[in-house]
Amino acid sequence: MKRRQMLTGLGGAALAAGSVRAADKPSWMSPQLPEGTREEATLAALPGKQKLIRLADRPPNYETPIESFRAAITPNEQFFVRYHLAGIPPMEKLGSWSLTVGGEAAEKQVTLGLDDLHSLEQVEVAAVCQCSGNRRGLSSPHVAGVEWGYGAMGNAVWRGPRLKDVLARAGAKSNAVEVWLNGADGPVLPTTPDFMKCLPLAKATADEVIVATTMNGEKLPHLNGYPARVVVPGWTATYWMKHVTSIQLSAKPLESFWVKAAYRVPANMFPVDQPFPTQDNQNTWPITEMVVNSVIADPVGDTRLTTAGFTIEGVAWDRGHGIKRVEVSLDGGKSWKPATLGKDLGRFAFRGFSFQTGRIDAGEYMLSSRAINNAGETQVDKLKFNPAGYHNNVPQQIPVTVA
Amino acid sequence: MIRWLPVFLLLAAPALADEPVLKPGPGQDVVQASCAVCHTLNYIRMNSVFLTPDAWKAEVTKMRTAYGAPIDDDNASTIIKYLSETYAAAPKS
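Top line first, the protein sequences correspond to chains A and B.
Per the working numbering, the very first residue in the first sequence carries number 1; after that it's consecutive.
Per the working numbering, the very first residue in the second sequence carries number 1; after that it's consecutive.
Because the hints were derived from the structure by calculation, they are not lab data.
As the structure is a computational prediction, the values presented were derived from the model and not from experiment.
The beta carbon of each residue, even a glycine, is placed where N, CA and C say it ideally should be.
It cannot be assumed that every hint is accurate.
[Claimed, not checked] DMTMM-like, lysine to aspartate or glutamate: derived pairs with alpha carbons at most 20 Å apart:
1. B:62 / A:194
2. A:25 / B:19
3. B:23 / A:35
4. B:62 / A:255
5. B:23 / A:39
6. A:324 / A:302
7. B:92 / A:35
[Claimed, not checked] Examples of chain B residues toward chain A, derived with CB under 10 Å:
8. 20
9. 24
10. 33
11. 37
12. 39
13. 47
14. 50
15. 55
16. 56
17. 58
18. 59
19. 68
20. 81
21. 84
22. 87
Using the sequences plus the hints, can you model the full thing?
Next up, the structure:
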């Protein structure tokens, strides 16, 4: 009891890390996940969050339960949390936050506060923030890393100034090729490389890329990047720098473990419209644009289904071409039927879909969904295996019984 | 952002006190003392059981070379042996 009080007094986030009661287990987890991951995963609430699926608490890695994806907007309280490094400044420290914009390929260096960001033209974009490693835990064979299921993603309405308008405050020289990003979080040990990322200038200055100060109309939750994060619609979340404190224009490629060694995919394996000329090499490219994908959020578990019929619901998304249609299958992918699309929130957002079976015979069914985007791309039948377990868009296979 | 280091250590203290317990075996103490400096020991349990002994060796090497973990050769051998005997899949033939 005394120890528990001490932990509470320190605001310890790891209180529930001990024994796991059955009630703390997620309602559903993919049977494809590693055995150790399924044993480890626990429902737990971080400050300001609802219960999410905790895979690790230091650094915090919490995924959104699959049932959240019945809605096309992911509430802030349900939005996933992902950190590489456990040095995360508390909210009190972030109160004195400022953003330095400059670099060797800038005309000058400026220091901006939140008021400065608010004084620039504000734009809103609904966009999917998806961890590059989402679904890594479903990779076959399994690969090392955080063993995410389906929920290392969310869709929110982000608001703030365009990154290009922020960069204009410092002024880009003609030799600028990359924009380097750093945030207030960092490693525990000084020998560990700080988490830094870069964008090619063409993407950094695209209209849709913003420095968000709000998320779904509220300030950013602490662990989603308070007070400001970079939002890079269409690209995986590794570029969406949280707690961003430094934006630098550079004339040369960033030499960072997080770009040169990590977050890379085999060259030419996945479609991209926009190359990363300063970081692509013959064998590997940085992971950038997301692949077209969809997820069935309901039914997934031991739902009781009857011959009166049921509704299949979920969301689809891609790298910014927009979703053209979604199809569902009840026979494991042998035949496909068109689903009804939900409201169009923009080409970078989740697109909800639903399918009503109507009256249906009793028996065993295998549910799948697949999205097709406006570039004609669809999900793959067979996993494109890569060593980090990225870009898994194999349709789910969900067995259900109608009785 | 080194100036925040003391704050991190304060924050880390309760987590360290409540670290998950790994399976018993020779070297368990070295593993817990070395790995838990930067991250929860859940990372080991989460990544089981599928890595081969060679894959665990590669992970430990990555922690030392890429992430700068201050683990000497002796302790690295102990950690690799423990993980290979306790949390590894059979080597691929």
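Cross-check of the supplied hints:
no., hint, result
1, B:62 / A:194, "15 Å, holds"
2, A:25 / B:19, "19 Å, holds"
3, B:23 / A:35, "15 Å, holds"
4, B:62 / A:255, "17 Å, holds"
5, B:23 / A:39, "14 Å, holds"
6, A:324 / A:302, "31 Å, violated"
7, B:92 / A:35, "19 Å, holds"
8, 20, "6 Å, holds"
9, 24, "16 Å, violated"
10, 33, "14 Å, violated"
11, 37, "6 Å, holds"
12, 39, "6 Å, holds"
13, 47, "5 Å, holds"
14, 50, "4 Å, holds"
15, 55, "7 Å, holds"
16, 56, "9 Å, holds"
17, 58, "8 Å, holds"
18, 59, "6 Å, holds"
19, 68, "3 Å, holds"
20, 81, "18 Å, violated"
21, 84, "14 Å, violated"
22, 87, "8 Å, holds"
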